[in-house]
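Trainee: Listed below are the residues making up each chain.
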Amino acid sequence: DVKVTQSSRYLVKRTGEKVFLECVQDMDHENMFWYRQDPGLGLRLIYFSYDVKMKEKGDIPEGYSVSREKKERFSLILESASTNQTSMYLCASSPMGGGDEKLFFGSGTQLSVL
Amino acid sequence: AQKVTQAQTEISVVEKEDVTLDCVYETRDTTYYLFWYKQPPSGELVFLIRRNSFDEQNEISGRYSWNFQKSTSSFNFTITASQVVDSAVYFCALSEGVGFGNEKLTFGTGTRLTIIP
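Quick mapping for you: the protein sequence lines, in order, are chains A and B.
For what it's worth, this note's numbering labels the leading residue of the first sequence as 1, then goes sequentially.
For what it's worth, this note's numbering labels the leading residue of the second sequence as 1, then goes sequentially.
A hint or two may mislead.
What the simulated footprint calls covered on chain B by chain A, stretch by stretch (three residues with Cβ under 8 Å from a Cβ of chain A suffice, anywhere in the stretch; the number is not a length) [unchecked claim]:
{"#": "1", "region": "53 to 62"}
{"#": "2", "region": "104 to 117"}
Distance condition first, Cα-Cα at most 25 Å in a straight line; then the derived DSS-like pairs of lysine-lysine [to be verified]:
{"#": "3", "chain 1": "B", "residue 1": "Lys104", "chain 2": "A", "residue 2": "Lys3"}
{"#": "4", "chain 1": "B", "residue 1": "Lys3", "chain 2": "A", "residue 2": "Lys53"}
{"#": "5", "chain 1": "A", "residue 1": "Lys55", "chain 2": "B", "residue 2": "Lys3"}
Calculated Cβ distances over 10 Å to all of chain B for the following chain A residues [to be verified]:
{"#": "6", "residue": "Ser7"}
{"#": "7", "residue": "Gly16"}
{"#": "8", "residue": "Asp26"}
{"#": "9", "residue": "Phe33"}
{"#": "10", "residue": "Phe48"}
{"#": "11", "residue": "Lys55"}
{"#": "12", "residue": "Ser67"}
{"#": "13", "residue": "Glu69"}
{"#": "14", "residue": "Glu79"}
{"#": "15", "residue": "Asn84"}
{"#": "16", "residue": "Ser87"}
{"#": "17", "residue": "Gly106"}
No lab work stands behind these hints, which were simulated from the structure alone.
Yeah, the Cβ is synthetic: ideal placement off N, Cα and C, and Gly gets one too.
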């Protein structure tokens with residue numbers, strides 16, 4: 001069974017802390033994505049990556065960075081967490097090409113910044 | 001820029017009723033893909049369907065059906081004989097282009113569907 005695993009389901013952090021959200025996929029997918037989900041706003045793309053050590057900004061990258069040192073792992077970093085980054089964070093992956101592209105999602109990390 | 005609008009924020013229906021979730025999209029591309037995802041209370045988005053812009057044929061999968069109309073830029077989703085297990089948030093999404101990068105989806109704001117037993 002294909003799987004995208006996010007390290008934490010719930011996370012509580014303090015303002016100003018550096019926060020790491022980890023995501024691992026076991027499907028050998030080239031593409032990985034980080035979205036945040038907020039009520040009334042749907043899912044918005046933060047960053048994505050098409051290959052190891054590659055990253056591209058999404059629609060709302062401010063305040064975030066990412067790291068992809070290995071194909072299966074894509075980390076989202078909040079350099080200095082702020083209360084407006086309280087949200088549900090969703091990681092996803094997809095294969096490159098093949099004609100049947102679709103996103104596979106993890107269960108999400110609900111982050112609260114106090 | 002591409003945009004997806006799901007005007008229905010919340011819908012409640014009694015079990016066994018039919019229900020249609022609306023999705024309207026905007027894009028300048030002639031080649032694009034449309035998706036529907038389901039997000040149950042567990043949180044993980046589950047893929048339901050992917051349709052490319054050249055295929056306007058309606059699709060039926062069990063109790064689920066999708067109506068794609070390019071003339072109105074709509075990709076509506078109907079659940080027939082709804083069940084309590086259909087209760088979830090449903091997202092419509094759009095990606096532009098074909099090939100490299102087409103997995104970068106733009107999502108609508110979602111419709112929360114509640115099926116009342």
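Trainee: Would you mind marking each hint as holding or not holding in the structure?
Mentor: Quick rundown of the hints versus the structure:
1. 53 to 62: Not satisfied, violated; 0 residues make the cut.
2. 104 to 117: Satisfied; 7 residues make the cut.
3. Lys104(B) - Lys3(A): Distance ~19 Å between Lys104(B) and Lys3(A) Cα, so the pair holds.
4. Lys3(B) - Lys53(A): violated (29 Å)
5. Lys55(A) - Lys3(B): holds (23 Å)
6. Ser7: The claim holds: Ser7(A) sits with its nearest Cβ about 14 Å from chain B, beyond 10 Å.
7. Gly16: holds (27 Å)
8. Asp26: Asp26(A) clear of chain B: closest Cβ-Cβ about 15 Å, beyond 10 Å.
9. Phe33: violated (8 Å)
10. Phe48: violated (6 Å)
11. Lys55: holds (13 Å)
12. Ser67: Non-interface label stands for Ser67(A): nearest chain B Cβ at 19 Å, farther than 10 Å.
13. Glu69: holds (21 Å)
14. Glu79: holds (24 Å)
15. Asn84: holds (18 Å)
16. Ser87: Holds: least Cβ distance 13 Å, greater than 10 Å.
17. Gly106: violated (7 Å)
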